[in-house]
Structure formats: C-alpha cells, structure tokens
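Student: Here is what each chain is made of, one letter per residue.
Protein chains: 2
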Amino acid sequence: MNPRDLREKIRTGEFNTHTSGVGSNYVQANLAIVPKEYAFDFLLFANRNPKSCPIIDVLEPGVVESALAAGSDIRSDIPLYFVYENGKISEKRHELKEIWRDDFVSFLIGCSFTFESALLKEGVPLKHIEQNKNVAMYITNRQTKQAGEFSGPVVVSMRPIKNELVQKAIDITAQFPNMHGSPIHVGDPKEIGIDDISKPDFGEFTEYGEEETPVFWECGVTPQSAAIHSQIPLVITHAPGHMFVTDVTNEEFLRNRS
Amino acid sequence: MNPRDLREKIRTGEFNTHTSGVGSNYVQANLAIVPKEYAFDFLLFANRNPKSCPIIDVLEPGVVESALAAGSDIRSDIPLYFVYENGKISEKRHELKEIWRDDFVSFLIGCSFTFESALLKEGVPLKHIEQNKNVAMYITNRQTKQAGEFSGPVVVSMRPIKNELVQKAIDITAQFPNMHGSPIHVGDPKEIGIDDISKPDFGEFTEYGEEETPVFWECGVTPQSAAIHSQIPLVITHAPGHMFVTDVTNEEFLRNRS
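Just so you know, the sequences run in chain order A and L. Read in order, the letters of the first sequence correspond to residues 1 to 258 in this note's numbering. Read in order, the letters of the second sequence correspond to residues 1 to 258 in this note's numbering.
So that you can see chain A by itself, here it is in the shape it has in the complex:
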C-alpha cells in the first residue's frame, strides 16, 4: 500500500490497528507533541541526545502537514494517540482535531524500522521480525543529558544477533550516526542495568541461545519517555506501534539524511 493511501485509510478509520509491517519500505516515525512553551527544551534535549533522538521532522506551532508526507494531517493520520496530562495518561483518541491547539509543536522521531531495513538488506537476520514480534525495549541505568524540563534514562531496543554477525551489525549501523548509530552496548544486559532480559519494559521478548549475542541500540522511545516523565501539563504521543508513515523510503532516508 502506498503511504498516501494508507494515511487516507487511517484518517477515515478504515485502517485502525498498528502499522508494523505495513508500507514497510517507508520511513515510519514516533510522534511527540508538546505545547510551544516546552518546544525549545524538547528540541534541545533531542540535540543533546542525538543517538536516542533522531528528529526527522518538526512541525512548527499549529502546523499539521509534515514536509515528509504531502497532504498529511498529523491530527488524524495516526491510528491511535495517547494524551498525557502531568505525566499520566488521560485519554486514548483516534484523532486530535477536537483538542488541537495553535501552539502545538509536533516532533517526528526516527524509529527502528528504518534502521532494521539496512541490517536486513546487508544480510543480518532479525529474529523478532522472523517471529513477527514487536522489538523488546528496556529502560537502562544510563542517563540522558538533561535539557530544561527533560531528563531521564536511556531506553534501548535489543536484538539477538548471530555471534559471527555482531561486528557486521555494528559496522552497518555505525554508518547511520543520525539514526541511532552504533550500539550503546553489546553482551551482558546487567551491565546497563537490565536485571531480567526476559521482561522488557515495552514490546516483546525474543529468546536467544548460545549462538547469539544480545545487541542494544538507543531507542526513539527515549525522548517520548522523557517528555512523559517530565510531568509537563500536556504531551501527546502515538500509541506504541501505531506510527506515522511518511512518503520517504528507508533507503532514501538513510542515503540522504544519515
């Protein structure tokens, strides 16, 4: 399905589930919306934590169309939104038109689907995709660099990689410093504060054996998580897995922007 048609179906409610594996060749993005008052701090937080927070587009106050998706409307083109007030989820909505404000600034943040396309293309198998699972994500003991209201732990995604392909996976992802880049950690989960690898904080655990190594990359959920934990009056995000689908292919993005 082309991304414009997909966004149209999402807008009308015809498509209302997660976007994983849909329009898989196109860049999908995490969303965080904050009032203008907090936009400088949020953008600075992203700048100070570039590996966790690859900002791929910023919609200025009140703007609803992303430059990466012609004719899009950020208020309606995501299947499910979460609204957080003072750090607590207050509402789940299918569109934002009734609560939209002219001071809302929308940040689109890169997601691992883009990152994974490069690994798959170079012949590094990804077990969670083979098993049709959401990637496992963990809150670590590594801290982000604070900016204004925003701080908190680095969130990582974990992928089991065949031992003999670990170096290849590192080398491939290191080529994309603006899309998470090289792993933050390879091997023992305890070293980054993960006590039980079988219980991810978000997503689903993918088992691995002796012949595989857990590899951890910084995750685009980090800034969203920092925005929620800051307990600012209002943050709106996409629901996990219910992403914003752009018109840009993963290949174009990695070639031009990373």
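Just so you know, these hints were derived from the structure itself, not from any lab. As the structure is a prediction and not an experimental result, all values here were calculated from the model. Certain hints may be false.
Stated by the list, open to error - Once the Cα atoms are required to be at most 30 Å apart in a straight line, the calculated DSSO-like pairs of lysine-lysine come out as:
1. A:Lys36 to L:Lys145
2. L:Lys92 to A:Lys51
3. A:Lys97 to L:Lys88
4. L:Lys168 to A:Lys168
5. A:Lys145 to L:Lys127
6. L:Lys168 to A:Lys36
7. L:Lys121 to A:Lys88
8. A:Lys145 to A:Lys97
9. L:Lys127 to L:Lys97
10. A:Lys36 to L:Lys97
11. A:Lys51 to L:Lys97
12. L:Lys145 to L:Lys88
Please build the complex by placing chain L on the supplied structure of chain A, with the hints as guidance.
Tutor: Chain L alone, transformed into the frame defined by chain A:
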C-alpha cells in the same frame, strides 16, 4: 596561552582585541544570544541548516557558563559584543553584565578556525592564514531553510586551494559533516551569486591565480546573519573575529563531535 588564562585576561580587559591566531589550538566559537521567546525558532533554524549552523553548545535561559569552558562567563569572556535591536546595531560593548536578562539563551556556533586546523594538518596550505588575513565571506544566492522568524541567504567563506589539492580538501572536510562538511561550491563564484569576488561582504579578499581554485564552504556567520535580518527586538553577537575561546582542542572536537 591557555584558554582559561586568555578568558581571564579578556574578562579584566587586559586582552581586548580579536582572537584570531590566539590560543589557536582551541575551538573558538561564534556567539548569538536571543531571548527565550525566539530560542526554539533559532535552534530549529540551526537544525534545518546543519552545514551552515554547527551548534557546539547551547546555554539555557540565564545560564552564563559554557559546558565547553570551565569557569567561563558568556557575559564577559568575549572581547567585544554587538547589540542589535530590530535588526540594527544599537551598541558595541565589552561586557553584558549590565544588560543581562534571565531569559537570554546563548548559542555557540562552530567557526572555520576548527575546520582549517584539519586542512593544515593534512598538508593543504591556506593562503589567507599565510598572509595573516581574515577569511573572505560572501552572501550567496542560495537560500537557507526557514524556521519561524529566521530565514535568509547562505553565507560562505572562500579559500583559494591549489588545483591539485582541491579533491583532497573536499575529502578532508567531508569527514566533518557537523562542522560545515564538504564545500557548497567549487569554482566560478558567479554560479552562487557572487558578482565580484574581490569584494567580500565580510573579512578580507585573498587573491588567487590560475594555479588555484576558489573553494566555498558554508559559514557559521549564516545563523547570526539570519538572526539580525529577522529584525527581532534583540540579538547579541560577538564582534567579527572576537570569538569565544573554549577549553576543547580542535582535534578533540573533530574526533568526538563531527
């Protein structure tokens, strides 16, 4: 002179001229200060124009010490400041303490001195340095990407490079995408809207002959220039050549940040 001593001498007024060639192994930075109200737009402008606008540090509202310079004070550690009101210069000052406000956000922007250190180290001679001249800068016909209040032309610096070393200079600077990166243009100045190469908009012209090619890189004056041209109520900058000297060596910076 070490940077801390130099900043101390600047603070007391003992050193009160331009910083070109002083503490030459340390990163020097352009300065732009805007009120918090405009800080999001300015940071977004820098993000959208990364080759022109390598932000190396942001001092949050009211903060006066840069993380790149222990014990520094942005209100006093630059030899000369220009104050612009509504796009017009209203005052030249040696310190800002009397006019400082808690909503001032200071942006330190990379400068070509860092960039040049890599070229010199790799054996690419730079004629303007040999002739002890300020680099020539030009306003081009290329436009930056707008963000809120800020827009305007790309400003470039020009260096004559020996014909046989042009490719080498391109390759070296391409390694530093976060510090201007590869040239925006090589050769005929008219192609980027420069009608008379002997008359730069800022700095001093360095003559060149048949055996040399003019090479143009995006320049850190671009965001400062956009801030002034926006005619927002207040912008404070360093005076040309009177830079902020950090504690970070050019080599460290290029290795870790570019």
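Student: Could you run down the list of hints and mark each one as holding or not?
Tutor: Tested hints:
{"no.": "1", "hint": "A:Lys36 to L:Lys145", "result": "holds, 20 Å"}
{"no.": "2", "hint": "L:Lys92 to A:Lys51", "result": "violated, 40 Å"}
{"no.": "3", "hint": "A:Lys97 to L:Lys88", "result": "violated, 42 Å"}
{"no.": "4", "hint": "L:Lys168 to A:Lys168", "result": "holds, 29 Å"}
{"no.": "5", "hint": "A:Lys145 to L:Lys127", "result": "violated, 41 Å"}
{"no.": "6", "hint": "L:Lys168 to A:Lys36", "result": "violated, 44 Å"}
{"no.": "7", "hint": "L:Lys121 to A:Lys88", "result": "violated, 54 Å"}
{"no.": "8", "hint": "A:Lys145 to A:Lys97", "result": "violated, 34 Å"}
{"no.": "9", "hint": "L:Lys127 to L:Lys97", "result": "violated, 39 Å"}
{"no.": "10", "hint": "A:Lys36 to L:Lys97", "result": "holds, 29 Å"}
{"no.": "11", "hint": "A:Lys51 to L:Lys97", "result": "violated, 36 Å"}
{"no.": "12", "hint": "L:Lys145 to L:Lys88", "result": "holds, 23 Å"}
When held up to the earlier numbered hints, the structure conflicts with 2, 3, 5, 6, 7, 8, 9, 11 and fits the remainder.
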